[in-house]
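Build the complex: two chains, separate frames, hints provided.
As you go down the protein sequences, you meet chains A and B in turn.
For the first sequence, this note's numbering gives the first residue as 1, with consecutive numbering after it.
For the second sequence, this note's numbering gives the first residue as 1, with consecutive numbering after it.
Worth flagging that the hints you see were computed from the coordinates, not collected in a lab.
Model, not experiment: these values are computed from the prediction.
Not one of these hints is a red herring.
A few chain A positions that, by computed beta-carbon distances, are all more than 10 angstroms from chain B:
1. 3
2. 5
3. 6
4. 9
5. 13
6. 16
7. 18
8. 19
9. 20
10. 22
11. 24
12. 28
13. 29
14. 30
15. 31
16. 32
Computed cross-link-like contacts, DSSO-like style, restricted to lysine-lysine with a CA-CA straight-line distance of at most 27 angstroms:
17. A:31 - A:21
18. B:20 - B:110
19. B:110 - B:74
20. A:31 - A:7
21. A:21 - B:110
22. A:31 - B:110
Ideal placement from N, C-alpha and C gives every residue a C-beta, glycine not left out.
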Amino acid sequence: MLVLARKINESIVIDGRIVVKIVRLDGDVVKLGISAPADVPVHRREVYEEIQRSNQQALINPHVVVPKLLRENVMPLAMPSSASDQKKPSSEPTLPAKIQSEDTNPRNNQ
Amino acid sequence: MRGQTTIYMPIGLLGFEHVKRYVLLSHPDEAPFLWLQMLDDPSLAFLCVSPLHVSPEYQPDISPADVESLQLTKPDDALIVSIVTLHPSGQPTVNLKGPVIINRHTLIGKQVVPSNAADYASQHPLPVAS
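Okay, chain B solo, but in the shape it has when bound (with noise of 0.2 angstroms):
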């Protein structure tokens, strides 16, 4: 996706579950990050990679009941974007925990917990330049 995409996530993120609606934004500059802008306040948004930039062999078993819900058929239909935390002082992490999966045709999104969540880390580190 480019530019700019609304996303609707009818569960919201964990501990945001009132925020449904987001938009995706990309920039050229900023890849292959991407930003989760909260739509209805603008100066609020989740920094976002995908998981595989950071680790290829990144592999959450996404639970059928997920898979259901986002209406997902073939792995083509997902999106999946982690959340980046830039700590104040020192690196930068990644959620791996908690991946955010998109469904690319319905742009409906939400913030699922893989059944094998406990092999990630919530804030894995992202290698940046200094």
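With the rest of the complex left out, here is chain A (with noise of 0.2 angstroms):
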């Protein structure tokens, strides 16, 4: 792994397309700014990470018999335990129409 020492407003590049700039300094956290073409994804480790163990483990032959569906008997959506930032549940609709979040990637005119 390369380790590089940055101040805050200093960045890193990647591949020569790939920008990733220390956005703010908080205590124990450290917010990021990453800039990157649309082909590439960015995400928080650990979420990439159960999502993919969730897809390996979600891949099937589709001739195994698909379950019956119930829906009277829909369960409420669960909070988990440990929820790695502390964004609070938006009521925004699908589609917003700003910026959700301030973890979206910030330009570099701050």
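The structure is reproduced here in structure tokens:
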């Protein structure tokens, strides 16, 4: 692993096209701004790995018998016990008209 | 969508980035489930279901970058499906943390992590008949 020290507002460049900037230092939380092309997805690692694992477990041969969905006993959404960040649930519609969270890529004009 | 539709996923699914081409299959006997089958390997597929069948109040916050990359202009443009895991023993679950969004018009899809992903489980119990 390459380890580089950066101060706030300093950046690193990956593969000449991905820029990671230290946007804020807040106690033990480092806020990163990431600029990357659309074909380069960026995710929190633990979320990526959780979904990757879930996808791997889900892959099957489509000849299996499909279960019958029950619609009466719809389970309420359970809040996970350990959220990795402190965002509150949003009541915005599915397609937000504005930036939803401050974690989206900030521009370099701060 | 009914029957069989070819979907293109430019960056694939998380952990399956190299697989770009899928066929979305539906059969009336299996409704509301759909299959997302790998076009180049029909023996591999993901069972999917609309998350609204499981949780009517499900509201993933799709980031503006994802909305733009999928060229979505209104909510109707998007078909949202969640991947189901049939666990060998126990209740099937559905991934509400990483929904698959497909543009109905362009047939381009992406598995997105909504801004409020922390509010949802990747293995949310799916109520099925025993």
